[in-house]
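J.: The lines below spell out each chain.
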Amino acid sequence: MSLEPLVRAPAADADVLLRRVHVLDPRAGIDAPHDVLVRGGVVAEIGTPGGLEAAEGVEVVDGEGLHLFPGFVDPHVHLRTPGQEYKEDLETGTRSAAAGGYCAVVAMPNTSPVVDSSSLLGSLRDLASRLARIPVGFTAAITLGLEGKHLTEMNELRQAGAVGFTDDGRPVTDAGVLRKAIQYQRLCGGVIALHEEDPSLSAGGSMREGTVSARLGIAGVPWLSESTMVARDAALAGYEDGRLHFQHLSCVASVDALRAAKAQGFKVSGEASPHHLCLTHEAVRDLNTSMKMNPPLGFEEDRKALIEGVRDGTIETIATDHAPHARDEKEMPFEQAPMGTTGLESAFAAVYSELVKPGILPLATVVDRLIGGAALMELPTPTVAVGARANLCLVDLEREWTVGADGYESKSGNCCFDGRSFHGRVLMTVADGAVAYRERSFAVHAA
Amino acid sequence: MRHLLSIEDLDRTGIERLCDRAASFAEVADRPIKKVPALRGRTVLNLFYESSTRTRSSFELAAKRLSADVVNFAASGSSVEKGESLRDTVQTLAAHRPHAIVVRTPWAGASKLITQWTDAAIVNAGDGQHEHPTQALLDIYTLRSRLGSLDGLNVWVVGDVRHSRVARSLVLGLQTMGAKVTVCGPPTLVPSDIAVLGCEVRYTLDDLPEADVVYALRMQNERMKEAYVPSLREYAAAYQISARRLGARQLLMHPGPVNRGVELAGDVVDGPQSLILDQVRAGVLVRMAVLYEVLASGGGPTSPPDGRRGRGGRTGGPDSNTPQELHPA
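Chains as they are written, first to last, in our numbering: chain A, 22 to 468; chain B, 3 to 331.
Here chain A stands alone, though its shape is the one from the complex (with noise of 0.2 Å):
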């Protein structure tokens, strides 16, 4: 690939000292209280807590009680730009983003035209360089128009900076299609990352069948309308030695499909939400709209078996799949509203407090899988490291708040988890080098 994959607006290098903050950078192998001082958006210093001394015109940041992570970083968002920038927009998308921690994301190219020409690639790119507030990766479609039947001019788009390849939104049905796609990945490269989901078996669901649907009497999407896919396009990765990306996986099957491929040695990957993480079918029992999404939410088994697929590793990364729609397009019957939730500035606290302060999932896990969409991406991963770029999130864990309370960064407000309270609270990201975000309340100390 010849263009750098990231895009962002140009901001100003960060000079801060974060005093005493607990560093937890799970990759680096550090679980422990430090000073940490980035000079020129380079962290420049990492020394024993209150060991380090700022210099004339850094900012100083009291970290007591605070841990600080490498940025997240998002493989799977959708930022609307082009065509539906009522719902959100390459600034509110990357505001949302780093008042989540996240210090990169990659966008869908379900967009409106859809992202399958270099040209509309480069516009978009160019507009991400005047807007976006952290790194942005863009990928393109697999197939014209998501329609499943041509392929993009695949090697033309990664030239043009692709970051990789989806139709997310709609699956691949067709296996030739998807075949000739992985065959031609071997020339362009560019993981290829597959929603899931056989159309002749998920056709006008709106939840996932089962108990509720039956008492709802809305349609149901079964589980196997993904598993079937997930295990069908696993077969073709090893059969061609492709590179896959499975995104938002969502019942038992599809996980065990994943974890039976990588057993083979299948270069193949997965992403789980948080919403799928944390939520059943039962949240849709009152018909609120927020919780309507694609894949839907499944039953406790499926969300038990993606809790253990994050802690073993079958599943590499937590993604949000961040949907935001127009509080109107959401104020419609259950079955007629559309599907997707937003989940960039709740994903932390929502996984934190649904899983780590219950003891279900260890923190270092956690933080690992809300990184490791980057080496899926192929983009590097965020380190807290001497020499590295600053990519940081500042956390404190123990703060409560209430979703949506303040409102969203984000232009929508679909948020399944609106209104849930949680702990752990992002008070600054740190994206490339440059501070994008500081919680509102969040008291900055010059030195």
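Keep in mind the hints are simulated off the structure, nothing from the lab. Fair warning: there could be bad hints in the mix.
Cβ pair distances, simulated, as ranges [unchecked claim]: (1) B/G85 with A/G166: 22 to 32 Å; (2) B/H98 with A/D349: 20 to 30 Å; (3) A/D83 with B/K84: 58 to 68 Å.
Every residue gets a Cβ at the ideal spot worked out from N, C-alpha and C, and that includes glycine.
With chain A held as given, fit chain B onto it using these hints.
T.: Only chain B this time, still in chain A's reference frame:
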């Protein structure tokens, strides 16, 4: 009762109270002038997003017999066809300050959603494949009138359960009244998870003789976007209720409209065991009782909780003329 959205809004006492009230209205239907002034000055809006003959006309008759003013709003030929959202339609109509809105939509939960947008009392006249509580109430009323009690009654609900809002409300309502319910149909039309309602699930009519009441559902061809049975001929061969299959002591019900020759053979529709016309008559009485309960009997609109929903509160107090005073049963 503020709204009637689901049959689960009512416990056994509530259902019995509504049936008793419906019975007290029965006499009105026999008068030369079939009208009582119980809801005089109240406005009932029929908001129908789906075609309906019997439910809409029966709500209309019910409201008129209680002297309410009735406005019918059908989605076809309206602003809905111009792309107006449900919320905008409801808020536009609600600006005319109806006291009650009777809603039918093709979407589950829509009537509940509407309660957020207006302070009118909402009566669910069918929301998608979710619920149709007044149908269940009229069915219970019909059986109660005929049999006295539903305790221990064995009811088989036969046919297209998957697409049936009637079935969902009916199964729950019958069980609340002490009946035992079995649903039966081809597996493509009876989701196995339907047992979550508490009913038994069968795929053949072999044990139909154990039923006291056979409730046949309509084949909802209009809701089927694909073929759920290979042919109606085969369906009829396996599941049609005919004189041959219907035992002498069994009662027959159907929510209408009947597909003669499909779920029911013509002979049983008109036969002596058929309660189908009793159901239709019960429809008006039960809907009178429901409208009366949500509007006159201490319920009905109150002051809106915030300014968004319109100015001031209406006098929501009960009309002094209760039907009991006017028409002692």
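J.: Each of the hints needs a verdict: does it hold here or not?
T.: Against the structure, the hints come out as follows:
no.: 1; hint: B/G85 with A/G166: 22 to 32 Å; result: holds (24 Å)
no.: 2; hint: B/H98 with A/D349: 20 to 30 Å; result: holds (22 Å)
no.: 3; hint: A/D83 with B/K84: 58 to 68 Å; result: holds (59 Å)
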